[in-house]
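Undergrad: The primary structure of each chain is shown beneath.
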Amino acid sequence: MIRMRTLEISVGAFVLAGILGLVFLAFRVSGVVVGDTSGNYVLKAKFDDVAGLRVRSKVSLAGVTIGRVAKIGVDSETAEAIVTMEVSDDVDNLSVDTGARIQTEGFLGGRYISLVPGGEDQLLTDGDTITNTQGALVLENLIGDVITRLGSK
Amino acid sequence: MLRYLRLLGQWALDWIAALGRASLVWFWSLAGLPRRGDMTLLIKQIYQIGVLSLIIIVLSAFSIGAVLALQGYTQLARVGAQESVGLGVALVLLRELGPVVTGLLFAGRAGSAVTAEIGLMKATDQLSSMEMMGVDPLHRIVAPRLWAGMICMPLLTLIFNAVAIWGSGLIGVGWLGVDPGGFWGGMQDGVEMWDDVGKGMLKSVVFAMVISWIAVFQGYDSTPTAEGISVATTKTVVYSSIAVLALDFILTLVMYGEFK
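Going down the list, the sequences are from chains A and B. Numbering-wise, the working numbering puts 35 at position 35 of the first sequence, and it's gapless, one number per residue. Numbering-wise, the working numbering puts 1107 at position 107 of the second sequence, and it's gapless, one number per residue.
Since the hints were made in silico from the structure, they are not lab data. Among the hints, a few may not be true.
[What the hints assert, rightly or not] Calculated lysine to any residue pairs in the SDA-like style (CA-CA distance at most 20 Å, straight line):
#, chain 1, residue 1, chain 2, residue 2
1, A, K71, B, M1193
2, A, K58, B, E1096
3, A, K58, B, G1185
4, B, K1199, A, Y112
5, A, K71, B, D1189
6, B, K1199, B, E1096
7, B, K1199, A, K44
8, B, K1044, A, T84
9, B, K1044, A, M4
10, A, K71, B, K1044
11, A, K71, B, E1192
12, A, K58, B, M1150
13, A, K44, A, E8
14, A, K58, B, I1016
15, B, K1199, A, M4
16, B, K1044, B, D1179
17, B, K1044, A, A17
18, B, K1199, A, S10
19, A, K58, B, K1044
20, A, K71, B, W1194
21, B, K1199, B, M1255
22, B, K1199, A, T6
23, B, K1199, A, K58
24, B, K1199, A, G31
25, B, K1199, A, V138
26, B, K1044, A, S10
27, A, K44, A, L139
28, A, K58, B, G1182
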């Protein structure tokens, strides 16, 4: 029979290996960030079409990810989509006329929101709504338009 | 005609009775407060069930991760999306292959051993002599093995996933030359802590409970002969594998399915 001490040490190492596995999965694989002291602030934007955009989609400025989509809802009065975004505090100098466009990553990639800097002096603050927006380009609608136009000729 | 109906009835009654006995074994071994010396018993079982399963788990994890990276790379490179290989491998492993393959290996490596051990104890009257000495075999023999199984399998799944993903990275980035930024970055973008890692681990906890339960009960309930033990060991592996695969489908349906 193996000695109790050796046995306990190997069990301890086994449990430690399991915990290390979890740490690896959390930080290296799913990219959990701990101790991210820079907080987030919330911006909203109304789009006429957000097809393909999902919660946790990227929000980027000049191609750099600065936030994530937190919530997607619908405004039943105007039939518009309301997208709530969490943007990092590092980028707190967005002007009120900042534009938001929904773009596609690559040809078949996921949708993300691209912010286009504006020129006003007044800045967007927590909870503000971006009004200058451009919704998703839906390829099917575009093809449909072309076909109906060709047909009406 | 009636004879067949009677056979069916007998079979169903036997099955229900076995399920009842199994539930009693499960309940009575987990019921009751821990006593002095329980920890020692548990550590011994964790060593037998968990530590000794490490080699097969690590080896299979590495080869599965490596093979997934190779196969994924060949297919994805045709459309120029070889960087997604990291995300694909990670999702497949975390959600499905990790818990399921670990469960199957665990049933074969540890479950069968537990059944054989308890079965032999029963065949050599060790269990009944324990009862004569006033020691509850459910508490002393069955409970530590149940707990050890439930502790070890999630840990083994974590190790399996980590090693497999690391292996796929080694092959994908180190050998096939996928861009490391795209490989790990794409993985971190697409993998969610709860949705992928958490739900996969939940699966593994469920599998752990079922496998250890089946293993312990088959040993405890085996016919105390050489043949009986061999039948019980086979049953453990077969039932556990079927249970893991069937439960995996159900759990996937419930956790990831569209219907709510």
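Undergrad: All hints, please: hold or fail.
TA: Hints versus structure:
Of the supplied pair hints, the one linking K71(A) and M1193(B) holds, its CA atoms being roughly 18 Å apart against a limit of 20 Å. Our distance criterion of 20 Å between C-alpha atoms is broken by K58(A) and E1096(B), whose separation comes to about 26 Å. For the hint pairing K58(A) with G1185(B), the CA-to-CA distance comes to about 13 Å; that is within 20 Å, so the pair holds. Restraint check for K1199(B) and Y112(A): the C-alpha separation of about 26 Å exceeds 20 Å, so the hint is violated.
For the suggested pair K71(A) and D1189(B), the alpha carbons sit about 17 Å apart, so the restraint of at most 20 Å is met. The hinted pair formed by K1199(B) and E1096(B) meets the criterion: a straight-line CA distance of about 10 Å does not exceed 20 Å. Taken as a hint, the K1199(B) and K44(A) pair is broken in the structure, with Cα atoms around 31 Å apart against an allowance of 20 Å. Between the alpha carbons of K1044(B) and T84(A) the distance comes to roughly 53 Å, so the proposed pair goes past 20 Å and is violated.
Distance check on the hinted pair: K1044(B) and M4(A) sit about 8 Å apart at the alpha-carbon level, within 20 Å; holds. Restraint check for K71(A) and K1044(B): not satisfied, since their Cα atoms lie roughly 49 Å apart, outside the 20 Å limit. Pair hint K71(A) plus E1192(B) holds up; C-alpha atoms about 16 Å apart against a cutoff of 20 Å. Simply put, K58(A) and M1150(B) have alpha-carbon atoms about 38 Å apart, too far for the 20 Å limit, and the pair is violated.
With a C-alpha separation of about 55 Å, the suggested pair K44(A) and E8(A) falls outside the 20 Å cut-off, and the hint is violated. Annotation: proposed proximity of K58(A) to I1016(B) is violated, straight-line Cα distance about 53 Å (limit 20 Å). For a cut-off of 20 Å, the pair hint linking K1199(B) to M4(A) is broken: about 35 Å separates their Cα positions. For the suggested pair K1044(B) and D1179(B), the alpha carbons sit about 45 Å apart, so the restraint of at most 20 Å is broken.
Between K1044(B) and A17(A) the alpha-carbon distance is near 18 Å, which keeps this suggested pair within the 20 Å criterion. For the suggested pair K1199(B) and S10(A), the alpha carbons sit about 28 Å apart, so the restraint of at most 20 Å is broken. A C-alpha spacing of about 49 Å is found between K58(A) and K1044(B), which places the hinted pair above 20 Å, so the restraint is violated. Taken as a hint, the K71(A) and W1194(B) pair is honoured in the structure, with Cα atoms around 17 Å apart against an allowance of 20 Å.
In summary, the hint linking K1199(B) to M1255(B) is supported, as the alpha carbons are separated by about 8 Å, within the 20 Å threshold. This hinted pair does not check out: K1199(B) and T6(A) have alpha carbons roughly 34 Å apart, beyond 20 Å. Of the supplied pair hints, the one linking K1199(B) and K58(A) is violated, its CA atoms being roughly 23 Å apart against a limit of 20 Å. Taken as a hint, the K1199(B) and G31(A) pair is honoured in the structure, with Cα atoms around 16 Å apart against an allowance of 20 Å.
Between K1199(B) and V138(A), the direct Cα distance comes to roughly 33 Å. Violation of the 20 Å bound is thereby established for this hinted pair. Pair hint K1044(B) plus S10(A) holds up; C-alpha atoms about 10 Å apart against a cutoff of 20 Å. Restraint check for K44(A) and L139(A): the C-alpha separation of about 25 Å exceeds 20 Å, so the hint is violated. The hinted pair formed by K58(A) and G1182(B) meets the criterion: a straight-line CA distance of about 16 Å does not exceed 20 Å.
When held up to the earlier numbered hints, the structure conflicts with 2, 4, 7, 8, 10, 12, 13, 14, 15, 16, 18, 19, 22, 23, 25 and 27 and fits the remainder.
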